[in-house]
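Residue strings, one per chain:
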Amino acid sequence: MNGVVNFRRVKWWIGAAFLWFGLALLAGLLYSSQFLRAYLFPGVEFLSPGRVRILHTNGVAFAFLVPATVGLMEYVIPKLTGRPVLSQRVGWFAFGAWIAILIATDVGILFFGQAQAIEWGENPTWLDPVILLALAIVAVNNVLGPILGHAIAAKGALYVSLWYFVAAFVWTAVNYFVGNFFPQYWVPGSAGASLTSMYIHDLVGLYVTPVGWGLMYYLVPVVLKKPVHSHRVSLLGFWSLAFLYPLNSAHHYLLSPIPMFVQRFAVTASVGVHLVVYTVIYNFWKTLRQGGTDAYTKLPLRWFTAGALAYLLTCIQCAVQVTFTAQEHIHFTDWVVGHAHLVMFGTFGFFVFAFVTELWPRLCGRRDWWSATLNHFAFWLMAIGNFVMWVTLMIAGLLEGHSWKALEPFTKSITAAIPYWAFRSVTGTAIAVGFACFAWNLWKTATTREDDARSRATSPALQAAGGAA
Amino acid sequence: MSRLERWAPVTMVAGVGFFALAFGMLGVVPWLMTNAIAPVQKGAAFDAKFLPKDVPPKFRARYPDLASFMAAIDQGRRVYIAEACWHCHTQFVRPVGNESARYGPVSENWEYQNEMNLPQLFGTRRVGPDLIREAGKHTNDWHFAHFRNPNDVVPESVMPRYDWLFDAEGRPNERGWAIVAYVQWLGSWRPAGEEKQP
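Chains C and H, in that order, give the protein sequences. Residue numbering for the first sequence follows the working numbering, starting at 1 and increasing by one per position. Residue numbering for the second sequence follows the working numbering, starting at 1001 and increasing by one per position.
Hints were generated in silico from the structure; no laboratory data involved. Mixed in with the good hints there might be a few duds.
A partial selection of chain C residues facing chain H, derived with a Cβ cut-off under 10 angstroms [unchecked claim]:
no.: 1; residue: Gly43
no.: 2; residue: Val166
no.: 3; residue: Phe243
no.: 4; residue: Asn248
no.: 5; residue: Ser249
no.: 6; residue: Phe261
no.: 7; residue: Asp294
no.: 8; residue: Thr415
The beta-carbon is built from N, C-alpha and C at its ideal position, and this holds for glycine as well.
My request is simple: use the sequences and hints to build the entire structure.
This is the structure in C-alpha cells:
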C-alpha cells in the first residue's frame, strides 16, 4: 500500500497485461506467416492458424487492454477520489479471477476448440457468465464504490476521468451480456448480426475509448503540470460519446441483410462521431500547447501525442470508409484490418504505454527507468511499425477490393496481396522487437536497484522521500 | 459546480437511455422485422428449405438416415466455429461489387432465420471467398483434398491444412465428413440457376 493506492496490485495487473500482450504479439506474427504459406507449425491442431488468430485479436482486448486499464484505474481512481478500493481482498480476488479467465480462454480455444462465434467475444461460451461476474466485481469494488462514495461525500464536481470510468463499466456490463448471450441463444440471422455489431463496436467505443481517454485526462495534466484546457469541453466530449457511439455499430455489417433503416442510421451516426473526436482532440491540443515542446520531448507525452494522432486519423478514416460507396470497395478487405490496428494498438495501446512509461519507475520505488535508451527504441520501433503497417494494409485492401469487383479469379486477390502481407509481417516484427526492448526494461526496472549515487546527485529531495515507496 | 453538472442526473439517465435506444433499434426492431418475414425455424420443425428432405446420394454411404445427416451438418457447423473458419470466410452476398455474378443470388433475411444461425456467421473478412452459395460448387472429393492440403487443389491458396480432420490413412474422420456436410449444405435451399433471374 502507498497511501490509498495498492502499488503491488497495480504492478501485478500491468505485468499480467504485458505478459499477454507479448503472447498476443507472438500469436499475430505466427498467424501472419500463414499468409506467406510459411506457417511454422502446419498440421498441428492446437496451433492451427485459425485458433491462434483468436489469441491475437481477442487477446489484445481482454488480455491486454482490460487488465492494463483496470490496473491503471486502480492507481488513478484512488488518487482522484482519495478513497481506496472497497475491499483489498476482493481486489486481489478479482485479479486472480481475471487471470484464471485468461488462461481458461486460451486453453479452451487452442486445445479444446471452444471458441464462441462472436467476434471479439470468442471467450468460450461456458465462460461468459464468469466473465460477466468478474466485470461486475471489478465495477463495484474498484470503480463505482470509490467514485460514488466520493461523489456523495464531496458533492462537488466530478473530474471527467471519473465520468468516463463509471459510464464505461455500466455500459460494458450491459454490453457484454447483450453481445454474448442474445445472438448466441435467442436472436439468429441479421437481427443477431446487428446485436453482434453493437457488441463489437461498443467494446471499443464504450469500454476501450472512454477508459483510455479517462486515463489520459489524468496523465496529461499531471506530466505537463498544467490544467486541462476546458472542463466544460471535456464533458461535451463525454456526452456526445455517450449519445452517438451506441447508435453507429451496425456499420460493421453494412450492405448485409440487416434492415436498411438500421444501416442508414448507423452511417449517419458514424459521421456524427466527428463531434466527439474534434472536441476531445481540441481540448488536448489546447492543453498540450501550454507545455511547449513537452508534447514530444517528454516520453510519456510522446506516446500520448502519437496515440492521439492515430485516434484522429482513424476517426477521419472511419467517416470516409463508413459510406456505402466506400464499403463496396473496402469491406471484407485488409483495409479494415489496418484500421483495427490503428485503433486498438496505435491509439489505446499507445495510451497504456504512455501511462506505464510515466508510472512504472514510481511503482518500483525508483526515479527513472533502468534504461532510457531502450524506452526510445521501444517507442520508435512500435510507432513506425504500426503506422507503416496501417498504410501497407490499406493499400492491400484497395487491391483486394478492386480485384474482387473486377471479377478476377479469387486467387488473384491473394497473389496481389502477398507482397503486402510479407511487409505486414516485417512491420509486425518491428513492433515485436520494440516491445521486447520495453519488456526487458520493465523487468530490469522492477528487479534492480537504482544507482543511489546518481539519484542522490540529481534529486536530494526525492531521495529523502524514497523510503515511502 | 458548473451549470453543466447540475444536469448530471438527467444526462446520466439520458446516457443509459441512448444505450437502451440503440438496443431497441439494433436489436428489438430488426428482430421483430425478420420474424415477420420468416419465423425462426427450430429443432424438429426445421423447414424443408433449410434441411434436406433426404440424404444426398454422395453422403448415403456415410449417413444412412436423415437424422444422422442433420446431426452431421450441425457438428460441421461446430467445427466451422471452433476452427474460426468464420474469421476468413463470410456468409452473405452483398447487392454491390458484382458479388451476385461471382457467388450467386444476393442474401435475403429469411435464409438466416434458423437455429443454424445461432450465433450468425456473417463474418467481416474475406481472406477466402464467401461460402453462403457453396453447396454443390465443388465435389465432396474436392473438399476432402482441399481440407487435407488446400495447395494441392488451389496452388495460390493461403488456407491452412486441417490434418486432424483425417485418420492415419488419410481418410476423412467424423469431423472431416461433418465439415463437408456443413459446407455442402450452405446455400442448398436456393434453387440452382436462380442467379440468372433479375
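Now the hints, each set against the structure:
| no. | hint | verdict |
| --- | --- | --- |
| 1 | Gly43 | holds (4 angstroms) |
| 2 | Val166 | holds (9 angstroms) |
| 3 | Phe243 | holds (5 angstroms) |
| 4 | Asn248 | holds (9 angstroms) |
| 5 | Ser249 | holds (6 angstroms) |
| 6 | Phe261 | holds (8 angstroms) |
| 7 | Asp294 | violated (28 angstroms) |
| 8 | Thr415 | holds (5 angstroms) |
The structure is inconsistent with hint 7 alone, although it conforms to all the rest.
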